[in-house]
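Residue numbers (the working numbering), protein chains in the order written: chain A, 1 to 386; chain B, 1 to 386.
No lab work stands behind these hints, which were simulated from the structure alone. One or more of the hints may lead you astray.
The list makes no distinction among identical chains, and a pair is therefore deemed to hold if it is satisfied within one copy or across any two copies.
[As the list claims (entries may be wrong)] Under the rule of at most 35 Å between Cα atoms (straight-line distance), these lysine-lysine pairs were calculated in the DSBU-like manner:
1. Lys254 to Lys353
2. Lys137 to Lys225
3. Lys41 to Lys234
4. Lys152 to Lys209
5. Lys137 to Lys173
6. Lys353 to Lys174
7. Lys209 to Lys72
8. Lys386 to Lys41
9. Lys210 to Lys77
10. Lys353 to Lys225
11. Lys137 to Lys209
12. Lys338 to Lys210
13. Lys386 to Lys209
14. Lys386 to Lys319
15. Lys77 to Lys323
16. Lys254 to Lys173
17. Lys152 to Lys210
18. Lys209 to Lys326
19. Lys137 to Lys386
20. Lys32 to Lys131
21. Lys41 to Lys353
Number of protein chains: 2
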Amino acid sequence: MKQFLKIIILIAIINCQSSWCQETASVVEDFKPSEVNQPGKDFPQVNSQGRVRASVVAPNANRVRLDIGGVKYDMKKNDAGVWIGESAPQDEGFHYYQLEIDGASVPDPGSLYFYGAGRWGSGIEIPASDKDFYAVKDVPHGLVSENIYFSKITNAWRRCFVYTPAEYNIDAKKRFPVLYLQHGSFEDETGWSSQGKANFILDNLIADKKAVPMIIVMDNGYAYKNQGNTTESKPVSVFEEVMMNEIIPMIDSKFRTLSDREHRAIAGLSMGANQTMRIAMNHLDKFAYYGGFSGTSNYPSSDEIDPATFLDGKFNDGKVVNKQLKVLWLGLGTKEPKPFPGSVGAFRAMLDKQGIKHIFYESQATAHEWLTWRRSLYQYAGLLFK
Amino acid sequence: MKQFLKIIILIAIINCQSSWCQETASVVEDFKPSEVNQPGKDFPQVNSQGRVRASVVAPNANRVRLDIGGVKYDMKKNDAGVWIGESAPQDEGFHYYQLEIDGASVPDPGSLYFYGAGRWGSGIEIPASDKDFYAVKDVPHGLVSENIYFSKITNAWRRCFVYTPAEYNIDAKKRFPVLYLQHGSFEDETGWSSQGKANFILDNLIADKKAVPMIIVMDNGYAYKNQGNTTESKPVSVFEEVMMNEIIPMIDSKFRTLSDREHRAIAGLSMGANQTMRIAMNHLDKFAYYGGFSGTSNYPSSDEIDPATFLDGKFNDGKVVNKQLKVLWLGLGTKEPKPFPGSVGAFRAMLDKQGIKHIFYESQATAHEWLTWRRSLYQYAGLLFK
């Protein structure tokens, strides 16, 4: 009889691997407030299945939905006019989401807000099994500084956030290497030190002696000529020019940096991976390390790359690239959607064909989202300046 | 005939001084996007009358209202399902606001978000006639650094923001005086460097040589014993203990400060004025400057103060106070509601009776809001460390 029960349970488990079953399966009632809620707010909540439960007071609304992961989940109203409802299980890590109240897409009044998907809006954390590497721990903490500057190239005020390791404030003479770290499309300069947790990742890596103390500069990848002039019809990105002629010289003058190429790295995620690959390859005299998280410059194409023409032939001489780039690092989540696996795959095939050394990291069970990129930073930063 | 028309217009203008007339008078169609909108968002907007016009897509909603300044204004839906509506004229300066969609109070998806009124929510700027003093100008800009620390007293992670003047990063040996600057009730450590514009106010003051370059520390005024222990029934504030035993020693060790009393000032707004007055008077060996913006420690009472008992008699010997406090500064907006004028007035009467020197500043046409406090900081900071 026991054996029979085991078989029944086993069949049930096997059947429930499908997402249909996960979505309709019973909800485990162990919800806890999300760790990125506003102070004192009980909702949204997350349970051990990774479901998100939202709640909002909307006594006169007709329909309220929780909009997360590309799916809208209907919520139900109780007698007190409070709507409540939950999503299917979500991947571990950070997700953007919103509420829809009678057709209006608005931030959830319970969550903290993050810039992504082209707007300030709600975010939620599904606790990851490996969350320890970005946890706030009792280790020396660096500072994240907001740095305002005027860009002559774009004719506009711009902003970057600069992480300085704990040691920076202790030893007033020491100089540090610098990593320039870029966000993805529809995100901004706040992403890496907020939902990206770059500061905590580095604090922990440095405390564990797994990374060299370094400065991290997080700027905004959107930069256009004459941004003040709104009559401009077709904006052309000048981010590379801003990075090389304004950001790097400013950082080298305002902060105690080591300013030779051997002590300067660059990396980015998605759109930022594309941008920073071009910048690194166009200025190999300035950078010795490149990291591409969920992106490469052949995006969105999955076609075979011709190294003679791709990026003006910058990968054509594999020996030169191997000599110049001390680390060429690529990362991708195993659940990333098209076209990312295809385009990153085509890029890697080109590298192999050219005999170009590189590291490829796979983030298990994560998609085109921030847990992939937190893990990528953790892996990549540990290899720099050694 | 011309003279007759002039008289009619004059009568109309005189009659329109009443708020009733202002609210119902015709709306001037010169609305522009608010300067604290999210990137690329056209709404909310502000016109030359100080009216706020909000807009939100909510095709299936029954009633949408703009909730600002304690009044809810009905918005109207057009054929495209877009609600639009405007408020009565608002005071110059910064205001918190929200939208109400079928009874749900939510942030406006068009605005940037600020922490106030106990929640992250929408804010708007009504351009002030004197806004130049906090404008972003082509002057050297300091940094605002996010500083994470563990408090043993509260058993919790805490955060402060630290402004360092531009010179701090240029001269790696120089030490600077420090102003500890606190927010009001239902606000947090983000207030002063966001809606408070403390960094831009100081950048401009320092560039104009109207203020001494100084460090500003902006911490969170809410601090309770064993914050990790949620079973605690009656929380007692330990902010004074955290300030004296944790924040100040940390700042003096992490930053290049001048750490004697002559180079340490303290100030706060509303609840923060109350808190910092107690802290300053209990530790006159540690502070030489006090600023109270829209608040005093006798709040909310307007009764006559007995200096023998008030704050354990700390104001009883006027000569000692005059000798110890190089600046005792109070500010108040002329439109502040009860009980602020009464309690600040009672406090000033006590100072006069005790022969205690102080400066009293009135912010014209502002209420218990951030323009009062921006102006107060501008006035107060210019008097420090001289």
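Outcome of the hint check:
no., hint, verdict
1, Lys254 to Lys353, "neither (42 Å within a copy, 51 Å between copies)"
2, Lys137 to Lys225, "between (42 Å within a copy, 20 Å between copies)"
3, Lys41 to Lys234, "between (44 Å within a copy, 19 Å between copies)"
4, Lys152 to Lys209, "between (40 Å within a copy, 26 Å between copies)"
5, Lys137 to Lys173, "both (27 Å within a copy, 31 Å between copies)"
6, Lys353 to Lys174, "neither (42 Å within a copy, 55 Å between copies)"
7, Lys209 to Lys72, "neither (44 Å within a copy, 56 Å between copies)"
8, Lys386 to Lys41, "neither (44 Å within a copy, 45 Å between copies)"
9, Lys210 to Lys77, "neither (50 Å within a copy, 58 Å between copies)"
10, Lys353 to Lys225, "neither (38 Å within a copy, 62 Å between copies)"
11, Lys137 to Lys209, "within (15 Å within a copy, 42 Å between copies)"
12, Lys338 to Lys210, "within (33 Å within a copy, 58 Å between copies)"
13, Lys386 to Lys209, "within (12 Å within a copy, 45 Å between copies)"
14, Lys386 to Lys319, "within (21 Å within a copy, 63 Å between copies)"
15, Lys77 to Lys323, "neither (64 Å within a copy, 64 Å between copies)"
16, Lys254 to Lys173, "both (14 Å within a copy, 14 Å between copies)"
17, Lys152 to Lys210, "between (39 Å within a copy, 28 Å between copies)"
18, Lys209 to Lys326, "within (20 Å within a copy, 48 Å between copies)"
19, Lys137 to Lys386, "within (25 Å within a copy, 41 Å between copies)"
20, Lys32 to Lys131, "within (17 Å within a copy, 44 Å between copies)"
21, Lys41 to Lys353, "neither (54 Å within a copy, 47 Å between copies)"
Checked against the numbered hints listed earlier, the structure breaks hints 1, 6, 7, 8, 9, 10, 15, 21; every other hint is satisfied.
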